[in-house]
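Take the two lone chains, each set in its own frame, and fit them into one complex as the hints suggest.
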Amino acid sequence: MKDDNSSRRKFLKLGLAAGATALIGGGGKVLSAVSNPEKVSKETGEKVKLLSPDGSLVEVDKGHCHACPATGKEARQGMPNKKMVMVIDLARCRNARKCLEGCQSMHHLPQDIQWIKFFLLRDSKDTSPYWFPKPCFQCNNPPCVKVCPVGATFKRTDGIVLIDNDRCIGCKFCMAACPYSSRVFNWGKPEQAALPEGKKYSPETSWPQKVGTVGKCDFCPDMVRQGKLPSCVTSCPNGVYFYGDKNEDTVTNGTETVRFSELVQQRSAYRYMEELGTEPGVNYLPPVNRLFDYKVGFQDLKPEEIDLYKKEANISE
Amino acid sequence: MEYNSKTYRNYEDFKPQLESIGKYGYIFITTMMVIILWGVYALYKQLTIGQVETGMRDYVIWGIYDANFIFFIGISYAGALISGILHLLRVEWRHPILRMAETITVVSTMIGPSYIFLSMGRLERVWHILVYGRIQSPIVWDVFAISTYLIGSFIFLYLACVRDLAFMRDHPVGIAKWRNKVYKFLSANYQDTPKQRELLNRLIDLISIVIIPLAILVHSVLAWIFGMTLRPGWHSTIFAPYFVLAAIYSGTGVLILVMFAFRKLYHLEAHITKNHFTYLGILLMILGALYGYFTFSEYLTNWYGSVKWDMEVLHRLFDTSTYWWWFFFSAFIGVLLPIVIIALPRLRSINTIVFAALVAVTALWVKRYLIIIPTLETPLLPLHDLRPEFASYSPSWVEWSATAMGIALWLLLFFLFSKFLPIVPVVRVPTADERDYFKLRKQAKERILRRMIRKTRKEKNVVAGILILLFMTAAMAGHAQDPLRSRLKLEFLNKSGSHTLTAKLTSKKDDQTVPLEGMEISFFVQGAKDKVQLGKASTDEAGKAAFTLPDKLDVPRNKEGKYLYSATYAGSKEYQGSESSAEIMDVFMKITFSQKDSTRLINLFAVEINQKGDSVPIEGPTAIFYVPRTFSSLKIGEQPVKGGHADLDFPVTLPGDSAGNLPIVARFEDNDKYGNAEVSATMAWGKKLPPMVIVKRGLGDTNAPLWMVYTLIVLLSLVWFHFTYAIFTIFRIKHIGNKALKEGKSQTASH
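Sequence lines, in order, name chains S and G. FYI, the working numbering numbers position 295 of the first sequence as 298, with every residue one higher than the one before it. FYI, the working numbering numbers position 707 of the second sequence as 721, with every residue one higher than the one before it.
In isolation and in its complexed conformation, chain G is listed as follows (with noise of 0.2 Å):
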């Protein structure tokens, strides 16, 4: 394969950076990995101990690992849209920056998602987004979107460096084995034969057309994360579009500062020119003008309506006690000051164009903080804690820490990628003036030299770390008492024809009645002459006991036909005995249903039991109506008892079961003469329970709307679709290369 002597140019320029690291570049390396690990150290204590490590607290769930998530997928942006544009538009001065501006792409979005697995209580059970996983929750799509953007902006990354690898294959010299091994896999047979050209440029066409609407999607989708709650200063129709806005602006901000950077590093004066700067700044400026747009039309919006919550948001970041500072900064400097110093030609300079995308990046760090923060200390119902950690949030030495290691981790990984291809295109690097190149390189050199020979001082590292570990250990006694006293009552029930005793047993504890549980208690009846011990029965949890009495008692009943029922606890160490009587006279109870015209009735009939065993009906007392429920009985009405009988109106407008079955008890409270006696039936004249709607496929159930399911799918193998197509193409241009390498040895041999 044959190269122009630009390329070989080119490649000289690169050639030191790629065939050595460097002392400076293993200090680098150095310093970095210790950030790294220490950063390590710090996310090894939050994920043993908890997000208690974290500055994060009950109203403040979201930090600032939420907003470098929002930033590094922001900052993702310059190769995806930037570099999409500029080649899709054929902008000629687009190619020395187009391979930074997609290294920004990829390692941003590899390092972005490792911020949301952070903010993660339960980082181990992320795989169960994929068994378990909703699609309608905006994290789902959170999930799709970016994973799909990555593998998206790989290809995007990996499709502009094959030329590059395989001129790296067909030119081995100085550089390791295995790295030779890497480039000639890498460059998939690469021959430049016309062919290939035209289905690689095609495939590059076609993948920028993609990963325009891809990562346009991406930012959307995380903006929804807030969009769809229903929180003041997120809740808003416009977060989509000012995400994506707030992203490019922070993309193309960060690209003029890696251009800034390697320009040094590296002394690419003659590739990265003034005009790359100026045209970047000027994008950087209109940029920033709309998102300044996009930030005036929310807040005006907000201020406008006033609604309380809004104001409140507005308050905290026009407070100068609070965010007054930041948000001067974020939505004021961040946007007036880049625009004036590109705006005036007087102070466009390359260090000042740096300075302004400087600016711009940071102030848009702080404005994810001031999207995330502000709005999570602005609860609906009022922030209401003693704790100070929970009422406002400051980051924690463990979120500073990983958020320096994903800085650190960003800046190691751009610069070894640097140390393995040229940051810039080598092959076909087009320069607009020959003569303007050569008078840069010279000077580009004579740089080199000068600052070789400062380069002789030495400098320091140090690394410290202090760790303090508090155990605090409490123990608790109780003391003795004296005996209390305790309290008994008995009640008598008669259910249905089944007599039951129940004896509550409660004693008073500093002024509080509490049950007693475990006691046992004795029950008896007054015999003709001494009490008979019935039986016995210990106390439950609320401090009853209850004895059921059998069908048929041997004792007779006394002159006015009654029986006396006792019982007794004998007490204990810490508890004092008692006792409690209750005389009670034997009733039968029966209720009956009837229907006259529209009036549906409840019938009660009701007779004592005399001394001799006669039933005669009851007359005076009060029968009261119930119907059970589910905790308690729900009272429907009381009657006096006449002549044995009492009739009530049947609760018709009660909801019943299905058929409309409602049982009835008809009840005597604590009588003096029959204590608690009561009696129940059934009757399906309570109005019917329609049967329970189960609603599918909403927003709360497990399964999705269809209609979103489609999208997805839709949008999902659309997208996949072309990746395939892209990884199917680049085998094909593997294949085209092998077939022409070998005509071209038969061709050799032949001659």
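For reference, chain S alone in the conformation it holds in the complex (with noise of 0.2 Å):
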């Protein structure tokens, strides 16, 4: 037993270090990206906020700004000492979809192409039904990472499950393997605005989606290199996005920033689906003192979506 630990914690100190040489390897890219004067645009006097390598902001010029989305082998890293966490406040929802409208006009995404999904819930005929607006779970045990027989789709250390579409065979076994339906398939050529010259593709961008491979919600690792909030969160009207880092136990929906672990707990927060054994990184708040009736979820929408919904949940008024 002893030596077992022993040679558990040799392992893991091996590990570690290997881990610190490759941050730091992966951070020096990072700093010569921003600080090759070849690869500079121009310097326009503003300043953005970047993610440095030890993990803390610091300020450089907005001209910098394409070295923001890691590339190549950082991308498949992640950012280094952050584990990014979600919780949904199925309280707030109406079914506003500004979510979606938000995070198809950051990606670039056509009308068609919708990475936000939105249910009708009903967990039983005595229950009301709730609002459930749905991105990628990534999860912390992922089904679809797991089955890639490319590993075109991956699992990072800050938590986030990204897909690599110059990788991608488009063999869809990941869409089988997501009990979630959080993929798409860009079964025709995109229609999406091209990338402005000069910039690189990034998984962590998704930009641009490709013919023949999958597409799905990347928790905008883009943004938060930038400090920003993804746009689901921002463009929300009630707040019902949470996002942040669990290393920093803080979630923020733009207005309210809360600790991470106060509002779980205080609020009984649970895991779509998690007997799955998926472990997803989306918490949602139980629909307790909601905010809105669901009918109001009912006013933006298509006479046969609303059927629809109604036929999913149940309800035969």
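Because the hints were derived from the structure by calculation, they are not lab data. This one's a predicted model, so the numbers in the text were calculated from it and none came from an experiment. Idealized CB from N, CA, C, for every residue including glycine. Just to be clear, a hint being listed does not mean it is correct.
[Claimed, not checked] Quick list of in silico lysine-lysine cross-link-like pairs, DSBU-like style, CA-CA up to 30 Å:
1) G:701 x S:231
2) S:231 x G:523
3) S:120 x S:249
4) S:202 x G:558
5) G:503 x G:456
6) G:649 x G:558
7) S:76 x G:710
[Stated by the list, open to error] Coverage of chain S stretches by chain G, computed from C-beta distances (three or more under 8 Å per stretch; other residues unrestricted):
8) 153-159
9) 252-265
Here it is as structure tokens:
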């Protein structure tokens, strides 16, 4: 037993050393990208916040911003010492769908590609239906990542599951494996703005989408690197989405900033279908003391969509 | 090399088929080629436009391509398992059907996997599997398994052909020259010397033994692609054996169909007798019963357990408006009908057995469809999509064309192979009863005659294709607007002694506040008489313009000790101008930390600067304490400042960095006197962040768990060792033949 422990400790030490060198190496790349004069397009005088290799925020000129989203190997590693989480307050959601609009405009997605989906769930016939917005859950034991034959989708140390659509072969196995239907496929060529000249594709921006590959909600790591919140969080009129770093024990919906642990403990947060063993990174606050009646969510919908929702939620009126 | 009279007699039966293709042969080849070319066109559409050309969409991500894939790999079992087992058991009647069975395996294993390529969105990236392949993925298992299986079935077929190839080499009558060369090359100098015979027999036994577990593994891996997912109807432990059984069942069925087709086509009544149909029919019946047992067990378990999603899939299968009739055909008719037909001797004839096999094979294709589609139409969250093509699957013309193409290619390859080598081994074909043989052979010849008389009719072939393309364009136009009212808000921030003015410019559009970007804001401070311009800044995407004040202002403070700052926006064509101002008094703040027993405190000290420039302790306003975080600041408490001091408990439960460093900010917010003023300091009293634990070689990592790597290496090397040995032995046989030939020549020379 003793030997076991010591060898494990050795292994951990080795792992840490390797991890540390990897981080330093990766960090060096960020800095070199920032300081490399060839890559600087122009100094704008405006400052943007960037996440430095040691995990703190630094300000750099906006002209360097194309270095913000990581590319290549670095994009597969994740932001050091971060663990991104989301808390969705079901009591505040009225199916306004502003999060989807924000998501689509931020990712330059056409209308028919929807990475956030909306369900009207009803747990039993005795309970009232509630609106359930669903981004990708960024599972900590992601079934999609397990089955990928080429490692085109991967789990990062910061908890984010990304897709490298330069590597994806389009086998769609990840879509079969995801129990939450979070992934969408680009069946045809997406009608989308092209990447500006000089910008390199990064899995962190998920832009552009490519025909024959898989896409999904990416938790916006490129925004996190700039110290900005994802668009779904900021565009929600009711503050439904709380986003933050679990390592800072802090989440925010843009206006309120609260401790993650207090929020999930006091409001009895749960993770959807956790019994599947996927360990989702998105927590839901149960729809108690709701701000809106579920019917409010019908107001902007087409009649046939309302019928579909009613059918799914077993509402017979 | 010498052959007995039986061999010559057999060969005579096949000679006509080998020497000419015939009119109907050409018609057949042309038809198949047309179907294949049409399929190529369909695939061209799919590959250039995308899979939007198929019926597959976000929920039903796999369609008939994958059903075809399982189907073709399934029927490949005919050769691998059936001929392997029949050979090892030394079943007397096996010889005439062995080659057909083995050819089914090779041809199906060649065509089957191409459907998995068609269901890929990015075919041109298939090499990524070799470069980035992850051993944890069942698809990679499949790549290893099927490629090995294909090579194995080629070797198996080849070994069983060596004797016939040698015969063809020795009897080159009426056959094109290039073919004779091919025969000679492939026959590996086989001279039937005792040593060669022994080696070849041993090799066939060996590969028969290897091919059986390999075939079982191939279909298990295929089942695991589905079984490894968390989907109702797929996530089942019996899926691998269930797939294996379904595969042998359909393989036997296809073998019976192929036997029937060639028996009719080439008049092989003397070689393939009713007994063959009866024996294989009985095998089909047993397999059907086993397959039915697995089916019953699978659905009974699901129904009894009645998990929500399992029940949804079952409802889909039993609902007459969805899949009931398909399910009824595949699970009831496809199992019971073959059993009944073959079990009752009165119903058992060649035609009925072939009918039973046809039903079984079709039912098994439908079964594969029912495995894939209803499950994909039952996601765990409701399938919520208004687009009808997303909500339910129906194959498009592209998919049907590709399916027809596969079948046509399968038939064509089989047909061409039967023109290259006798479809029944001619060397050492045993016939149980000589008298029966002659009688049957005479009948067969009479049938050929009768058929030739009938063959005077003409046939027509009509092939037509229609292609329609529609283009749609849309244009968007904007319209001009009157100037809108703009709103400016000035804020003052004293951040650790550095003073900044921030102005936020917004406007109301459709009842929504929108920030105005790229507008110029001018900043002023009130001097003794006039406003003094401090500087200009333009607004960012959030509508904010910031201006940092110089360390010292050249204007006097007013009576209350304040400065009057203002900001203006001149306005533009679209927006009216606006202005905002703020009266601010300078403050000085400082944070220190102190510890008394176990309580750790944050101590804020704050003074204001009066008209004369003296420091006066602040009294009254509330100081708010924050911890800055990635996106925003986390409030940890607030305290009124009394006599210039405010104390707060340090948030010891909050995580800091790896050393526990936690920055603390104290602020006065939107204060009438001080505007926004803040100061920060860092102390290592926070919770220490544990170092990242990086798990390696997990199921989700780049590198696979070691046991998986070892298992794969052991399995692959076991199989490939035997394959290499087989190839080596073939060369040895060739070498022995060479030597025997030389000896024979020198003997004849000495005579």
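Quick rundown of the hints versus the structure:
Proximity of residue 701 of chain G to residue 231 of chain S is assessed by CA-CA distance (about 25 Å); at most 30 Å being required, the pair is judged to hold. Straight-line distance between C-alpha atoms of residue 231 of chain S and residue 523 of chain G comes to about 24 Å, which keeps the hinted pair within the 30 Å bound. Between residue 120 of chain S and residue 249 of chain S the alpha-carbon distance is near 24 Å, which keeps this suggested pair within the 30 Å criterion. Among the hinted pairs, residue 202 of chain S with residue 558 of chain G is consistent with the structure: their alpha-carbon atoms are about 26 Å apart, no more than 30 Å.
At most 30 Å may separate the alpha-carbon atoms for a hinted pair to count; residue 503 of chain G and residue 456 of chain G exceed this at roughly 107 Å. For the hint pairing residue 649 of chain G with residue 558 of chain G, the CA-to-CA distance comes to about 24 Å; that is within 30 Å, so the pair holds. Our distance criterion of 30 Å between C-alpha atoms is met by residue 76 of chain S and residue 710 of chain G, whose separation comes to about 16 Å. For the segment 153-159 of chain S, the assignment as covered by chain G holds, since 5 residues bring a beta-carbon within under 8 Å of that chain's beta-carbons and 3 suffice.
A count of 7 residues in the segment 252-265 of chain S with a Cβ less than 8 Å from any Cβ of chain G is obtained; the coverage claim is therefore met, three being the minimum.
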